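Participant: Chains as they are written, first to last, in our numbering: chain C, 1 to 212; chain U, 1001 to 1826.
Among these hints, one or two may not hold up.
Footprint (simulated), chain C over chain U, 3 or more residues, beta carbon under 8 angstroms [what the hints assert, rightly or not]:
1. 1061-1073
2. 1455-1467
3. 1720-1734
4. 1807-1820
Rather than coming from a laboratory, the hints here were simulated on the basis of the structure.
A quick note: this is a predicted structure, and the numbers were derived from the prediction, not measured.
Cβ atoms here follow ideal geometry from the backbone N, Cα and C, with glycine treated the same way.
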Amino acid sequence: MRFSGPDGEIRLFDGLDLSITRGESVAILGASGSGKSTLLGLLAGLDVPTGGRVWLADQEITALDEDQRARVRGEHLGFIFQAFHLLGGLNALENVMLPLELAGGARARARAGEALARVGLGGRLHHYPRQLSGGEQQRVAIARALVTEPSLLMGDEPTGNLDRRTGEQVADLLFRINREQGTTLVLVTHDPDLGERCDRVLHLADGRLEGA
Amino acid sequence: MSAWRQALRLLWRDGRAGELRLLLAAVIIAVAAVSGVAWLADRVSQATDVRAAELLGGDRVVRSNDPIPEEWVERARDYGLQTVRSAEFPSVVVAGDYTQLVSLKAVESGYPLRGSLQLRDEPEGPLSAVQQPPEPGAAWIAPRLLPLLEMDLGDTLEVGARALGTERLIALEPDRGGGFFNLAPRVLIHWDDLEGTGLVQEGSRIRYRLMLAGEPADLARYEAWLTDHAPEAELQAPGEGDPALSSVMEQAQRFLGLAALLTVVVAGVAILLTARHYASRQIDRIAIMRCLGATQRQVTAILTWKLLWLGLLAGLIGTALGYGLHLGMVALLADYLPDDLAGAGPLPALTGTLVALSALLGFALPSLLRLRDVPPLRVLRRDAGSGVLRGWLPYPVALAVIFGLMWWQGGDLRLAAAVFGAVMAGLAALGAIAAAVVYGLRRTRRARITTLSGLVRRPATATLQIVAVGLGLTALLLLSVVREDLLATWERGVDPEAPNYFLINVQPDEVDELERFLADRAGVSAELYPMIRGRLVGMNGEALDPEDYAEPRTRRLVAREFNLSHTDNLPDDNRVISGRWFDERQADHPQWSVEEDIAQRIGVDVGDTLTYRIGGREVTGEVSSIRRVQWDSFNANFFVIGNPGLLEGAPTTYITSFHLPEGEARVIADLVRQFPSVTPVDLGAILEAVRDIIRQGSRVVELMATLTLVAGVLVLLAALQITGDQRRFETALMRSLGASRAHIRRMARREFLLLGALSGGLAGLAAGLAGWGAAGPLFELDYQFNPWLPALGAAGGAVLVWAAGALATHDHYRQSPMTLLRDPDD
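Extracted from the complex, chain U is given alone in its bound form (with noise of 0.2 angstroms):
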């Protein structure tokens, strides 16, 4: 018989004894983490990847941030193309007494001109395609307005002086670019109506677009045109997405990636120990096998084939399992991916079962093909092949194939080696304290050794499933407790009376009606700071490219425009740790005051000039001051300040923030009536907004984590196998000292308590510390450790280690005593 065939049948035949159920159920956790992740990264990039020509809205784009000149939207119709502009901002709509942050969009008649519009007209209600855009005087809003703005479909919606009915609800936007993690609800109307609006003002903050499609000659003919007319033109194709957004999600996946690796170390823990035992109750038969005749090669090839049907059946369940999980994890991403996700690719599956093949092979394989070398002389004499499975092979094989795995999962080199450095070296902390601990009672065993009981009998199990255990509660633990402390930290941190509201986009002409506005309706007396828009373009006389600098967010600093102010005074939370602040007397000297953090990202110290480009002028001055400021007082702060002659002339819009206290929503409805183009940002809401996607995404992570634990359990079931038979030995051997099962079902009991008490505690305890040592340097938060972790840890801990090892040895206490006497071997 071929050997596939045979191991088959051996395979069936050790399936039904019960024999292979963890090395199983460890093989599919490891492939269900890694194929969910699959899943989703994969249906994810698809949906970013595929309708790349939808996702931009058209086969060419231009983008600018002032409106499009007529002539560029004439002169591609002459090339035979079709157009369509759009705009879109921040802006604040009223609903009745509400008012709510928006994402604002205005587009011409033909929109969309790749890919349609998925609109429902209720809640619940059936899709319908649509590829035209609202009509004049209607607007369509993203469902999730209707409770935010406690308002119903046809309801009046205010969008800055014009009054829009509320039409239908947007389910799908193709170009909604970006269209992940956007914070504002979406709020789409006819171009017609824009100007009506007021909010179109000198400095809004609009993003303009005309949108390309038609024949790929003409594009090509228009795209030369416009490069040699317009060469400050920003022409995008189709692929070419937003940078900041797909790095995000990039690295959302490859941080995913390696959580599940995490599962897949416990997990290959179990199957290590699993394989070993499964391989130690083989020497037997295949001792046999070779005494009628099997030779070495003969052994190897059934055992090879025994692993690759096992990987092949596990990795069919646990993709499968993979699937249901991903779907969890879309589910509680929902918010925050498109409708129509593309549809589920087989690849992960096929991912996964690669996973598992290498999982078994690295993991089992070099245990089980010492079993070649089994003697068949072990028929005669029971001793020999009883050190057989002996050596250290298996372990630098595992940990080579985790380091391929890890590799093949962050997709770098360095980046692998960083986090199989820091997995291992977690491991081997927490290994060493649950070392110590377990060790250190068996010194100290004053009291009962048999209140003690196996946690001292076999220390070297116990730190094992502690740790395997431990691993899996402390990422738990992290995600929930220490992420809720975290969070109520920073929040405890904030004076309740600083501003709640920013106001954006004031003109210069509303600055004193919206002073005496706030002093009269919300009695507090704002300053209003300047703001103008500028883009920096040189450094001490030479021009500066975004590319000068490695850095992602200093690049983007550089590219885009950003923040300027101009004051006399300096700011109360602002201060001056390096140069002089403005001297009045040197008022028509022109001068910069950097903020410190953006001075180190640039590169610039004082004595430095600066060149930005305001409104097509540009504007140099000497760096005078660094300073330092003090950002959570959410005053208006800016990153660089001129003095106040500098920036004299350039288009200037005003800002400024204030408290409003709680239930005086009203006040803000009214100002936006009374100041249509004005922006008010509700902090608050905004801090929401970041705790939910904080909660959301950390409970995907949370899935992981489970994943780990549910391995760190079968870690402990793998230790409870494998000590089945001295555990049953012991019991026949204290039954015949005169104990009753119930006394040793209470020993066994406080064992697992203990144990899991143990693992929980030093699991609270390493969340804490890992809480306490990120808070400081990640988050420049205050963190106080809570006393509460470990005892919460070691509760949990507690419960599931004893529930899972009552389960496990509830049929080790039925050994008869007699088993001393028949198998004296044992």
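The following block holds chain C by itself, in its conformation from the complex (with noise of 0.2 angstroms):
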């Protein structure tokens, strides 16, 4: 993948080919700049590469315009991410009822009761973000990407803004819904523990995965 940028073409990632099957959890380690995120991004329909291609769901959605893709994520992709981006003027049961109202789902507040019930915060649907501790933000974004039943679920540093303890329980949580449920989990994350929990382990340095 190349970038241009002010002193010319930025080649980023170099001969990287990576596939993920489903039900597989995979974490992406790797130093600081060497391009974790941008790769999350790349997987995720957020953005695209100048070269090559990027299959989701037996879709190439390199192929695809921006709207296109934002469909797919919204069918496929549950998202967490490390600044948990919550909405602060929503409540913990609208922050999960965004994603299910965006697709015009029916149910939306009984799904997204249950998503929360699901992730241990039934008992605090009408807090607002700031009423919130941050593992129980991080939880909130997690229901909110599990709300739509993706098959897919990519987390960016998912624990990197919590203590130990909650990095722990948040963890836990997401592999739990790996297992029972078969959803693919992507981690991006430059904690050694919590890749080691992860089916695979990809390093990410100079351009090149490592394990891929």
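Mind docking these for me? Both chains are given alone in their own frames, and the hints should help you get the complex.
Facilitator: See below:
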């Protein structure tokens, strides 16, 4: 993959070939600035490479336009961010309802409530993000990622902003989902312990993916 | 590098980056509003002050309601003074089948003593300055008389019994004292033609003037002589204009000035918001500057200089806009302003710039100066100094600046306090309702959250936007829709069969003949009432002085002659509310019946005595009853009525009113020909003129209201700017959750439509309530709330806010969802 920057073209990934099968859990490890998040963005169709192709759920998303990719994301993907990215003006329930409403899904309120119950927040539906701890916020984010029942869950440093104990609880939750629902898990992290728990660990360094 | 130069360079960079556009726009709007009004006020007051001698028509003027005695004129000439006499009164002129009430003025040769007449020989022709009156046999007329009488220049005009050729058009009359807001167009004729018109009769309402010009010493000697020999003579020197008129102008200027301040208040909110936003974006830059060795003192100096430069720039652009604005107001008021307004002076530009600077220093400086406390550590630790902008200080400072500006503009501490209180209470009320609606929606959102989107997620910002836009819309709706509603209510309230013509100046020997004429030609049996002019000089045996009363209208009542009548019978539309109507058995006991409002004003009750001076004779009677009069019957009515014996022998004219069906205007033309001294007053034409004045006047205020609305839109845009980062983040997040761009755009569109509809709906409600609140106490009208107002406001507001919002946020939706991964801090 190449990027154009102020000093000309930058080749970020070189001969990168990766396939992830359904139900697998994969960790992508790498140092800061190695391009982990960029790679995740490409896998999720948040961005497109200047060269190369990406398939997601049997569709070549590099051949789709942005709105088509958005639809694929809405249908197949769940996202968890390091900074949680909850909407401050909405309470926990409404944050989780958001992707359902965007997709025009039915029973949004009930399904969001169930998703929150599944992550152990059934009693905090009407709390606003600022009234929740970091771990609770990340669990709301996970509920939001799960509520559309995606086949693929992507996490960008999902435990990066949490203390060790809370981080472990969130990780437990993610792997339980992976096991019980067969949801594919792709995690970008620099935490080797989190990586250890995945089926496969890939190291990104100098634009090359080792272990792919 | 010195702080001012550094500030200028930084400002230039900010400007190029588009950081200051809204801040600049808000200051410019505030300056335009204030300087526009200042320019109008400046030019109008120059027109009244500078040409005071010309406005007076001479160096001194003697005024009288009676013809000027020959001796006064001869004595003035003896003292070496130039003299010109004039007589001015309302009269009706005829051209063909058309009649028109005019202000007739007859002047002697030598007129004008000071200044000159500006004339045209055809409606759009060039101006020529003339220092002489028309020759006998000719009339010079106001241009608007041509369309009113459907005549051409050169046609014959019947003025009373005389037929005069219309010769030239008057563009400007130097001594049109009270030339503003004059209802009746001018007809100027030569003094020698006056007698032939037959219009001068006993009891006619004529204002005589003797204009004098000469050396100050001669004037002083004459003044001394006149004071000795005719203490009753009313002598006027330049600058002593009509107090009623100048106070109207003063009040109008104050009102417009305060209206301009409403714009400043709303623009101030925009300044406050944008300055805070700007400051928050400067934190990192200041931290780096501090890190590189800038002292707090340097930071303060640079920030202050930045604002000063910005203020100067905004002052420059704002005053230029204000100049254009005042040209618009002058154009709207053209009919009521003299043709040769003084040129625009530089002072309003200074005023505008000072307002710009005080607005910036008051609204923006407190926020910006907090940046001096940004710690240099911030370059290492992101959280250091992030709370530096928090605090309440900017708000009291801003309020103090607003109050200061109001004090300065209103010129009176109490007025400023009242207006400040009213504006703040109004804003608070509007804010409370808007907040109740927004927070209510937030509570009851049972429906899809994406429908209400930003409105419920940012309730405080939404409330602020609704109030700011709503305020401007309220003012506009009040001045357009509610104004027309009130006029319509008023017109509906008038009985279609109510009298539409008054006849005044009817001589006693014409009464019988006129009654017959009206019966034959118009089919009406009109009752003619005697009218006697008298001046109230005493109450309960003590002399009355106008100065005894604080209220200007009461003072004028006491200072001037007003109309008395006498009759045995209580008129139909009068009711005695205290005391008893005249008893025939007490015919020789002098009695008055007084209208209730006037009785209250001068403080008189049943049993008191009142003394009037009537034609040099004093007449005293006891108040035997207080009457309530139904004025909107449009019948001839009187404040004070005496019993028949009381006013016997006093100089009397008669007055009547009657209803003339439409299309019978010929009757009036014939009436004027047959009874030249009788003045018919067409109520319909006067009401039309009043409506015109209300419309033109409110259009000027509408201009100000539009500026307030523009300021409101700036607040909307400022709020959008502040929430821009948040919106971009939300866009990216929703796109990562699978929403298409079109979907997000739809959501934003819905948000703006809802926001606009809410502010417009509230504005319609507020305007309707204001109209309803004013209709009763101020205009005594039974105003029906117009149910379309909120709907109209909502539609207008929705379109406006949607357009402005779409324009301001179109680039938000391009945000790549990758932002979320790249800048986790955002």
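Participant: All hints are to be evaluated individually against the structure, with a verdict given for each.
Facilitator: Hints, verified against the model:
1. A stretch counts as covered by a chain when three or more of its residues have a beta carbon under 8 angstroms from one of that chain; for the region 1061-1073 of chain U and chain C the count is 0, and the coverage is violated.
2. Check result for the region 1455-1467 of chain U against chain C: holds, 4 residues qualifying (beta carbon to beta carbon below 8 angstroms, three or more required).
3. Note: the region 1720-1734 of chain U has 4 residues with beta-carbon separation from chain C under 8 angstroms; the three-residue rule is met and the coverage holds.
4. Check on the region 1807-1820 of chain U: 4 of its residues sit with their Cβ under 8 angstroms from a Cβ of chain C, so the three-residue criterion for coverage holds.
Against the hints set out earlier in the document, a violation occurs for number 1 only.
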